[in-house]
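**Q** So you can see what is in the structure, the chains are spelled out below.
There are 2 protein chains.
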Amino acid sequence: MAEEPTPVQPEIDEASESVPGWRPGRRAVLRGSLLVGAGAVGGGVIGGFAEPAIASSGSPNNTEPFYGTHQSGILTDTQRQTVLAAFDLTSDNRADLVALLKAWTRLGAELAQGQSVTVPIHNPVGGSGDAYADATGGSTTDDSLEAYGLDASRLTLTVGFGRSMFVGADGGSRFGLGGQLPAALLDLPHFSGDELVAGDSGGDLFLQACADDPQVAFHAARSIARIAPDVATLRWTQLGFSPDNQGGTPRNLMGFKDGTVNSNVHPPSDPDRTLWAGAEGPRWMSGGSYAVYRRIRITLEHWDRIAPGLQEQVIGRQKLNGAPLGGGTEFSPLNLEQRSAQGTPVIPVDAHVRMAAPESNNGAVIIRRGFSYNNGTTPFIERWPPWRQALEYDAGLLFLGYQKDPRTAFVPVFGKMAESDALNQFTTHTASAVFAIPPGASGPGDWIGRTLLG
Amino acid sequence: MAEEPTPVQPEIDEASESVPGWRPGRRAVLRGSLLVGAGAVGGGVIGGFAEPAIASSGSPNNTEPFYGTHQSGILTDTQRQTVLAAFDLTSDNRADLVALLKAWTRLGAELAQGQSVTVPIHNPVGGSGDAYADATGGSTTDDSLEAYGLDASRLTLTVGFGRSMFVGADGGSRFGLGGQLPAALLDLPHFSGDELVAGDSGGDLFLQACADDPQVAFHAARSIARIAPDVATLRWTQLGFSPDNQGGTPRNLMGFKDGTVNSNVHPPSDPDRTLWAGAEGPRWMSGGSYAVYRRIRITLEHWDRIAPGLQEQVIGRQKLNGAPLGGGTEFSPLNLEQRSAQGTPVIPVDAHVRMAAPESNNGAVIIRRGFSYNNGTTPFIERWPPWRQALEYDAGLLFLGYQKDPRTAFVPVFGKMAESDALNQFTTHTASAVFAIPPGASGPGDWIGRTLLG
Numbered sequence: 001m002a003e004e005p006t007p008v009q010p011e012i013d014e015a016s017e018s019v020p021g022w023r024p025g026r027r028a029v030l031r032g033s034l035l036v037g038a039g040a041v042g043g044g045v046i047g048g049f050a051e052p053a054i055a056s057s058g059s060p061n062n063t064e065p066f067y068g069t070h071q072s073g074i075l076t077d078t079q080r081q082t083v084l085a086a087f088d089l090t091s092d093n094r095a096d097l098v099a100l101l102k103a104w105t106r107l108g109a110e111l112a113q114g115q116s117v118t119v120p121i122h123n124p125v126g127g128s129g130d131a132y133a134d135a136t137g138g139s140t141t142d143d144s145l146e147a148y149g150l151d152a153s154r155l156t157l158t159v160g161f162g163r164s165m166f167v168g169a170d171g172g173s174r175f176g177l178g179g180q181l182p183a184a185l186l187d188l189p190h191f192s193g194d195e196l197v198a199g200d201s202g203g204d205l206f207l208q209a210c211a212d213d214p215q216v217a218f219h220a221a222r223s224i225a226r227i228a229p230d231v232a233t234l235r236w237t238q239l240g241f242s243p244d245n246q247g248g249t250p251r252n253l254m255g256f257k258d259g260t261v262n263s264n265v266h267p268p269s270d271p272d273r274t275l276w277a278g279a280e281g282p283r284w285m286s287g288g289s290y291a292v293y294r295r296i297r298i299t300l301e302h303w304d305r306i307a308p309g310l311q312e313q314v315i316g317r318q319k320l321n322g323a324p325l326g327g328g329t330e331f332s333p334l335n336l337e338q339r340s341a342q343g344t345p346v347i348p349v350d351a352h353v354r355m356a357a358p359e360s361n362n363g364a365v366i367i368r369r370g371f372s373y374n375n376g377t378t379p380f381i382e383r384w385p386p387w388r389q390a391l392e393y394d395a396g397l398l399f400l401g402y403q404k405d406p407r408t409a410f411v412p413v414f415g416k417m418a419e420s421d422a423l424n425q426f427t428t429h430t431a432s433a434v435f436a437i438p439p440g441a442s443g444p445g446d447w448i449g450r451t452l453l454g
Numbered sequence: 001m002a003e004e005p006t007p008v009q010p011e012i013d014e015a016s017e018s019v020p021g022w023r024p025g026r027r028a029v030l031r032g033s034l035l036v037g038a039g040a041v042g043g044g045v046i047g048g049f050a051e052p053a054i055a056s057s058g059s060p061n062n063t064e065p066f067y068g069t070h071q072s073g074i075l076t077d078t079q080r081q082t083v084l085a086a087f088d089l090t091s092d093n094r095a096d097l098v099a100l101l102k103a104w105t106r107l108g109a110e111l112a113q114g115q116s117v118t119v120p121i122h123n124p125v126g127g128s129g130d131a132y133a134d135a136t137g138g139s140t141t142d143d144s145l146e147a148y149g150l151d152a153s154r155l156t157l158t159v160g161f162g163r164s165m166f167v168g169a170d171g172g173s174r175f176g177l178g179g180q181l182p183a184a185l186l187d188l189p190h191f192s193g194d195e196l197v198a199g200d201s202g203g204d205l206f207l208q209a210c211a212d213d214p215q216v217a218f219h220a221a222r223s224i225a226r227i228a229p230d231v232a233t234l235r236w237t238q239l240g241f242s243p244d245n246q247g248g249t250p251r252n253l254m255g256f257k258d259g260t261v262n263s264n265v266h267p268p269s270d271p272d273r274t275l276w277a278g279a280e281g282p283r284w285m286s287g288g289s290y291a292v293y294r295r296i297r298i299t300l301e302h303w304d305r306i307a308p309g310l311q312e313q314v315i316g317r318q319k320l321n322g323a324p325l326g327g328g329t330e331f332s333p334l335n336l337e338q339r340s341a342q343g344t345p346v347i348p349v350d351a352h353v354r355m356a357a358p359e360s361n362n363g364a365v366i367i368r369r370g371f372s373y374n375n376g377t378t379p380f381i382e383r384w385p386p387w388r389q390a391l392e393y394d395a396g397l398l399f400l401g402y403q404k405d406p407r408t409a410f411v412p413v414f415g416k417m418a419e420s421d422a423l424n425q426f427t428t429h430t431a432s433a434v435f436a437i438p439p440g441a442s443g444p445g446d447w448i449g450r451t452l453l454g
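Protein chains in written order, with my numbering: chain A, 1 to 454; chain B, 1 to 454.
Worth flagging that the hints you see were computed from the coordinates, not collected in a lab. What you are looking at is a predicted structure, and each value in this text was computed from that prediction instead of being measured. Possibly wrong hints are sitting among the right ones.
[To be verified] Among chain B residues calculated to face chain A with C-beta under 7 Å, some are:
id, residue
1, Asp142
2, Gly168
3, Asp170
4, Arg174
5, Phe175
6, Gly176
7, Asp213
8, Arg251
9, Pro308
10, Pro358
11, Asn361
12, Gly363
13, Leu391
14, Asp394
[Claimed, not checked] One-sided excerpt, in silico: chain A residues whose CB lies under 7 Å from chain B:
id, residue
15, Ser91
16, Asn93
17, Ala95
18, Pro214
19, Phe218
20, Phe241
21, Ser269
22, Arg273
23, Asp304
24, Gly343
25, Asp394
Every residue gets a Cβ at the ideal spot worked out from N, C-alpha and C, and that includes glycine.
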């Protein structure tokens, strides 16, 4: 066992105080107004230590808009990296939740501009907050800086509310919100094949941070999590990645172009009908959406032993060019009626694309943001010949599906797929969540959640 | 419990055979000669199914050289993503090991050109190999295609040999290699603070796959692993990332520029003295190197509560610009003698940079490739006030240090740091391995490991 190192003690604050220029300089800057565009790293050197002179952590370029009728990160072109995080609220105080959401919104707007953190990190409600940080001379106000010098990398932050934020496990109202629970924010039924890990599922609050740079995405999620250690704690996090989006729909780890029909790369022509909540539900959700998250483990070792021609029968598309079986291009419509000379359907009856197609689901559309994930290797028992026990990838797909109402989209569509999609023999759903994604903040001063809690 | 889906049965091969054009076309191509530069996606459509006409998965651009005196991936500018993998050999047959390394080399050279896999995946030794794949009409020869259409993304593949490939747990020789074991390929001693997870440590064979695209790196590691399921199996995998390398040394998750002195970004002026093995060891390692891998968990939640000025005392550098305490720029030499007006060292006696500096270690240099990692959140008990129990990040640094001889570099340098580096109170080493990195393959026909096994 290692010798325990000496913990940092509050009196070491003196060492910090011996660093002139740093704290007053940084705080003066960080608590001041935003200085977007003051891009050059510089500042005077006082007593040998740099005095930072800017709050921006990069250029104002390469940004996605944060404010808007809808939250960003839904129809935004999929970025290369995502960090998903769910939080459980540890406070019962509605004012804490309001302060947290105001702080998240303000911070999110700054991060999306590629700026350093200027929002007081701890205790958004006010008061002294974190005695240890105060005693060490520390302040969780300070940016952790791992993204300093990088640009915004198209960062988007999308915030959601879980059903458990509205009603407790006993069915009682939380934060006085029980009466505001949308019927669309349902508990998903158990689907055939579900093997869900509770600790990786659900949550009171949800954050989807997406960016082209992995460290920018992580920095954003970390900064959001740091804001309120006494109000909300992390429940789970999950990283995902997507290949460079050259030339259309990215390929998933099965090697197929994934989500050509139901994809944010090819947005629906009528989003008010399929994506955005409207007058059919509570007013506070108007302009919002509902996200269904599923972590789908794929048995890549099994898949890799199947002939490509058979893989195409399972998916219903050609592997190389993504065209539906039967011909055409990636974006050709599915011809679900076409039959071979022998009379069998060219797109098999249990093919994945047939199961997922709007034509097979009363027109239901789910706007997908798919990311690959790889959580390393875990022990696994194969359920195919030669039935080996081995360490295999815990890897696959992070499915993020956005829709107007899961009751008429994800639930019936996936319910049918869970029963008979040919793909099921290669996949296992291991995590799941549903979140209400409220409308966006309209501009500085507005905040995500105002329509519910303001 | 889910209803068990119907397993794919060998007779489904008929479905595959009903897909004209795919298998003959693809195999004819994949088993043919390399077609570098035949970049356009195309090919005829036979019976409604695409006939692939190329083996290249992208442009020949954006490549790093594969062949050379030394393996790539050591002095190569650090890419954005890494997939590390260790394998245990399941065969005792030297011919299997030779065939595996020949196949890995051939495949590695193709992947580094951005090509699809053309190497027979299973059973490199010959014979029918995989009965299940054969019976389903499958062939693990076929590229899994998730990187199809992407360029090489500066992919490098670096192969290493663990001590356990030479000697078994009982001390006996494996593969007849016991007498070839380099003294430098040591078992690391236990260091103060080690909390190593055996399943994430060690291994007979090592692969470092680095690329700017996450899916290209994963595809490479997956393809390498698929080559020989009957010869070597995965022991562990670990993903890492590095921010866009704009403007010099990347920052780690502590927010500091990391490895300015010991970094492949700033290679040593005399690599034959510090990096490449020479006449001092076995001839087969001449031109090789030794890699030490350490997965270092960082208590980010603790670090974030410490004042930046104190963080700078721990590291010995300024956080914003990376200059040593005492002033200058990032690349200014450390002034380890400088004292303040009060007589105390400006760079504290236990500061990380002082501990790691060649001046403090008889000139020892370690060429670092550092990546950040985030394996999600795990339960954690804080050892600092207020001593919470919480879900916290299993995140930190993947340290990959290359050197001529760990006995005169990593072992003494880190041995001292493990005792007294101020950084230790924020870090825990959770995985560890040492690998001999043999010299590179000189060109087509040569193979990594030939100097040892040829």
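**Q** What hints, given by number in increasing order, does this structure fail?
**A** 2, 3, 4, 5, 6, 10, 11, 12, 14, 15, 16, 17, 21, 22, 24, 25
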